[in-house]
Amino acid sequence: LAKTTQPISMDSYEGQEVNITCSHNNIATNDYITWYQQFPSQGPRFIIQGYKTKVTNEVASLFIPADRKSSTLSLPRVSLSDTAVYYCLVGDTMDSSYKLIFGSGTRLLVRP
Amino acid sequence: NAGVTQTPKFQVLKTGQSMTLQCAQDMNHNSMYWYRQDPGMGLRLIYYSASEGTTDKGEVPNGYNVSRLNKREFSLRLESAAPSQTSVYFCASSDEGHPEADTQYFGPGTRLTVL
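Line by line, the protein sequences are chains A and L.
Quick note on numbering: the working numbering labels position 92 of the first sequence as 92, and the sequence is numbered without any gaps.
Quick note on numbering: the working numbering labels position 44 of the second sequence as 44, and the sequence is numbered without any gaps.
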């Protein structure tokens, strides 16, 4: 059962770099690690996805160590608009079917 | 491109009433999903459909039924609503058909209250 563990909440200030770490000790060989962002009253939005080492796009970086048992989402120079809930996802197998499982997420509050 | 659309946006039901939540996507995606999100919680998968004509149970399927009407549409039905089904319901779709690396696109949600 591949579950993820994230901090419940984090605080930061505008302009700082924020790193959110996710633990996924039972990640399967084929699993990718995906991060989503959710604003209040909206559906989640894809941020970044990776399998190993480092992935970077226009909004974030994702660091995955060699053992893949954890991953770190890095948000450079956050702004007030980055206040949201961030979810780390890996897969899970139920009844021989593969599913993506959302945990409780990390509530990031960015202060002025 | 509207992406993923859901109707209705809000609904209030009495215990025992039935209703169908509608979802449509215009991205020609193979897979579609229904989630529920309770206050302060993460999303939980109710049902999903990997392709037209197939459906599969998620974490919390009890009390729900689904229909993959065609490639675009995936509906969620509550046959006899209960207060425990008060939640926000999100529909999502994805393209690759490989859930290990899926990128899901979410609709705006339906806020359902069961009295």
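Just so you know, the hints here were simulated from the structure itself, not pulled from any lab data.
Don't take each hint at face value.
Per label pair, the in silico range of CB-to-CB distance [unchecked claim]:
1) A/74 to L/12: 39 to 45 angstroms
2) A/74 to L/73: 36 to 42 angstroms
3) A/109 to L/5: 47 to 53 angstroms
4) L/18 to A/112: 45 to 51 angstroms
5) L/111 to A/79: 27 to 33 angstroms
What you are looking at is a predicted structure, and each value in this text was computed from that prediction instead of being measured.
No residue lacks a Cβ here, since even glycine has one placed at the ideal position from N, Cα and C.
Taking the hints in turn, this is what the structure says about them:
For the hinted restraint 39 to 45 angstroms between residue 74 of chain A and residue 12 of chain L, the CB-CB distance of approximately 42 angstroms keeps it satisfied. Judged by the Cβ atoms, the range 36 to 42 angstroms given for residue 74 of chain A and residue 73 of chain L holds: they are separated by roughly 38 angstroms. Checked against the hint of 47 to 53 angstroms, the C-beta distance between residue 109 of chain A and residue 5 of chain L comes to roughly 31 angstroms, which is inconsistent with it. Between residue 18 of chain L and residue 112 of chain A, the C-beta spacing of about 48 angstroms keeps the proposed range 45 to 51 angstroms intact.
Checking the proposed 27 to 33 angstroms range against residue 111 of chain L and residue 79 of chain A shows it holds: the Cβ atoms sit about 28 angstroms from each other.
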